[in-house]
Structures are given as structure tokens and as C-alpha cells.
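Student: Chain by chain, the residues run as shown.
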Amino acid sequence: MSINLYSKLKQENSNISYKLIELNDDLMHVLKDKDTCRGLRFKSLDNEKSHVVLCSEDKTWLVRQKDHSNMSMIMHEGVVDNSMVIDPSSLFGLPPPITDYIGFARTTYEYETIDTEGRLHLDFVPIYDGEKDFSPPKHQQGLIFEDLLKKSPCSKGEALAQWHSLGGSTIEGQVCLLSSQFISKALHVTLMSVLAESMKLNELKLKSSYEAVNKDMDSGFNPYTVEVVETVLNKFGRQTDITSQEPTWELNNSAIAKWYGIQSLKKYVNKSALPIDEFMLQWRSQFPPFFPCDIDMTMLRGHYYQPQEKQIQYFARNTLSMDPKDRFKTLFKLQSSWDLRDIEPFIEELNVKHLKIDSFIMKYARRRRVGKHYIITSRA
Amino acid sequence: MPSTTISTEQITQLLDPEQKKVTVPTAFGNMILEIQGDLDIPDIDLTQEQISALNIDAQFNTYKGKNVIRFGLLNISEDKKNATLYIGKKQRLLGIIEELETPLGLLKFNSQDGQVDLCDIIRYKVLFKERPLPIM
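Residue numbers (the working numbering), protein chains in the order written: chain Z, 7 to 386; chain S, 2 to 137.
Simulated from the structure, these hints should not be mistaken for lab results. Watch out, some of these pointers could steer you wrong.
[Said to hold, decoys possible] Here are the simulated lysine-lysine pairs, BS3-like style, with alpha carbons at most 27 Å apart:
1. K82/S <-> K25/Z
2. K277/Z <-> K331/Z
3. K109/S <-> K40/Z
4. K81/S <-> K25/Z
5. K109/S <-> K38/Z
6. K130/S <-> K16/Z
7. K109/S <-> K72/Z
8. K156/Z <-> K144/Z
Bear in mind the structure is a predicted one, so any value in this text is a computation, not a measurement.
With the rest of the complex left out, here is chain Z (with noise of 0.2 Å):
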């Protein structure tokens, strides 16, 4: 099959480009799923510095331009306007060409698409603490979820998930982020309702859950909206039946008892450590009562070291250095010798290349078998 091959002169002022894109396994399948493939979109920060990625409903890909030393050029299938007669020593012996292709657009990059976490852009959200005259900052005034959507670099679904682990809110239509000691106030609260009542914590439904919280409440303020007690279902439970008019949610045990376990590391051993045994028995007198929960430290690693053997004092992870020296170094300064799965959650985030997280920590430790585990030791 012989073709004749044209090429478009370049049109100024043109208004229309053309570019490759990769499309990998994921998009491919977004693409072929008739629900899915309308909601694809690019997004980026801003116009200029900022990475561009593409988003479907639930994904986020991080777009990259690949250069390459070749030359690509995209062409069309069609009939030039006259025809050419075409010399026949320039055929070579080929038989006439029967159709012509017409270079439109000419390139030496793709786009490649890297899956990545999308992440919610949070400059703008207020954080509200209970008050009860809630005024933001003015430029963080008047933003709902779908414009804090448009704002982030990051898909509907993966959005969602984030908003409803950082404890996301609306108050009076306004989106903000309950704080800390807020959703710990509104968690307990909610808690205690809910038992009170005897409802089911697998089982429960939200405005049966708020009617529950508002019923213990005076006449005056209440900071435990409805949206607030929905952002505490959110947060530490799921809803198990989406489709249906009225929700339920499921809440996490182990979620809500790890949440207690946080609290209470910085309520009681803050400044000073404590016996694991009186820690457990603090952390325990925490939670409503006849809350069913089974608790153990191991729910607590990251947040915590052992200055001293069954001592604990609370660490904040986000206080340690990101380069990976330092932060082994403040860790033997605080505990000289580690379990592998106690100091596991302080470095994880440091291996970006994806190593075995002991081959990582081999990089800037020692590594000794003590029967069933690993401890982790200084070189020095």
C-alpha cells in the first residue's frame, strides 16, 4: 500500500494545538466506562508554576511532559484538492499511491501520566473550634465544598475521603475543619447520646443520632449541628448503604479507641512519660462508659516512645526533620534501641522510592534478630 505524505504549513495565529497523551491501564478503563469517562478533567493550581494533573471522579494522575529526541508527526487521512500526477521514476517501482495523509500537527514530547494523590487544597478553610460567633478571615469567608473542590488538585472521590478524615465541616453553609479538641468534644458527645439511647453503633442513622445529641442540650447554644455530628459519623465510621434515602453509618471501634489513645498521650504523658500500665488505665477511663472496645499500645505506634523500659511519653511525628539523617538520629536520642514495628511508622514516609521498609532503615541503622523481631539500633 503506497500513500502520499503531506504536510500542513503552519497557520498563524491558530487557535487550535494538538498533543499526545498517554493513556495508561486505569485511564483506559475510565474511558471505556460510559458512567465514568465524561467526568475526566485537567486541573492545576495555578496557570503558571504549578503541576498540571488529570482527574477523574475517584483518581488522580500527575500529567509530565516526556521530551524525546524524535519527531512525531500526527497525521489525517484525506484527498488533497488536486489532484498530482506523480512522476513515475519517483515511485521506485511502488504501484501509484492510493490515498494521501496529511501531517497536521508535529511534536517531540507526550504528556505522561503518573498516578499520584491528589490532595485537597486547604489554604482556605477555616478552622472552627465550637464558638459561637464563627468568623473566618475574610478570604477564607463564603467557600462551600464544591468550590474548595474546584480549588484542589485532586478528584472527587479521593476529595471526599480526604475531607472526611481531616474532620471537614460546614457551619452555617461555610466549609471548615473541626479542630482537634472540637471533634474530640463532639466525638464523646455523640457517643454518649447514641449509648444513652441505645442505639446501635453499627446501625446508626443521622438524624436519629442528632436528635440523640440534642436532646441532652439547654435552650442556648448548641455547637453539635447536625453537620457536625454527620462530620463525627463521617470521620469514624462508613455508610454501608449509599443508595439508600437515608443513610446509616457504621462506626470503627478500633478508629474511635485509637483516636482516645492519641488524646490521651498528649492529656497525660506530654511532658513526662508514664508506666504502660497506669497510661492504659487513663487512656481506658477516657471513653463513655459501656463503649465496647478492646485497646492495646500497638494502636498507638507513631505517636509514642519508651524513654525508659514500659515508659511512654508522646511523640509529635510532624516535629521530625524530613531529611532521613536527622530524623534517625532524634529518634536514638529519645530511644536508643527500637522495635521494627514501633519506629516503622516514624521514617515510612521517607522512603519514597518504595524500598523493603527494613532495607531502608539499613541505609541509616543497624538491624539485629532478637527471637521473632528486629531491633533497631544507632552505627554509631
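Dock chain S against the given chain Z, drawing on the hints supplied.
Tutor: Leaving out everything else, chain S in the frame of chain Z:
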């Protein structure tokens, strides 16, 4: 935040599982021709006077009223595995039809109305990665 929805209307029929599988070109008649290096062809629009002055008007034509230039002759073997590109009367390139590891989407950007269309999915390309050979 800048955000643009990608229209996928045009490609829905390509993803129909009953759609006949195509090689080069796509069902919409598009194909990619890839050459190591670059093609030395004019890429600015010329007036008829400039074309006449260059005395190469035999290579020029129009497509839907727009100027185009003929730069070669492509031959694809019957088994759709090999390709030969003849450029002018002196050069020939030997190439292959390569199936892409990851399909490429063809995006059309319109800077006037900000619209982005995913207008085709390309799974093969005609690839010339060898140096040109002389035509004897």
C-alpha cells in the same frame, strides 16, 4: 484554580468492544509517523508568489483550502509490519509498524474557548529509527 473538562464524546465509539480492531491508521483515519531527528520541510505558510519564486510548486497543493507540501511516499508492507519512506528522489528510510506499549490519546486544545477534546486513541505508530539510506 484553572480547570478544564475533557470532552470524550468523539471517542466513545472507539471503545465499543464490537468495534473492529484497527492497526495503522485508527478508525478515524489518524496515524503517527515518527522519525529519528527532524524533517527538513518548510513549516511557515507561503504566498503563491513565494511558492512560484522557490520554483518548487510541484510539491505544493492545498487541502480544504489550506496550503500543504508533499514530502514523501510511504509504503506499508502487506503484512503491516514494515514500512518504507521515500523522501524526494534521493533518500529512503526503513521502518516498522510498532504497537505502542501505552496507547496515546490525541488531545485537541482550543485556546479560544478553552475546550479540550480527546479526539482519538492511537495504538500503533510508523517508526523510522534508522539513518536514511541512499536510493540507487
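Student: Take the hints in turn and mark each one as holding or not.
Tutor: Okay, the hints, checked on the actual structure:
1. For the given pair, K82/S sits about 26 Å from K25/Z by alpha-carbon distance, which is consistent with the 27 Å threshold.
2. A C-alpha spacing of about 25 Å is found between K277/Z and K331/Z, which places the hinted pair at or below 27 Å, so the restraint holds.
3. Restraint check for K109/S and K40/Z: the C-alpha separation of about 21 Å stays at or below 27 Å, so the hint holds.
4. For the suggested pair K81/S and K25/Z, the alpha carbons sit about 26 Å apart, so the restraint of at most 27 Å is met.
5. As the CA atoms of K109/S and K38/Z are separated by approximately 20 Å, the hinted pair is consistent with the 27 Å bound.
6. Note on K130/S and K16/Z: the hinted pairing holds, with a Cα-Cα distance of about 25 Å set against a maximum of 27 Å.
7. Between K109/S and K72/Z the alpha-carbon distance is near 18 Å, which keeps this suggested pair within the 27 Å criterion.
8. Between K156/Z and K144/Z the CA atoms are separated by roughly 19 Å; this keeps the pair inside 27 Å, and the hint holds.
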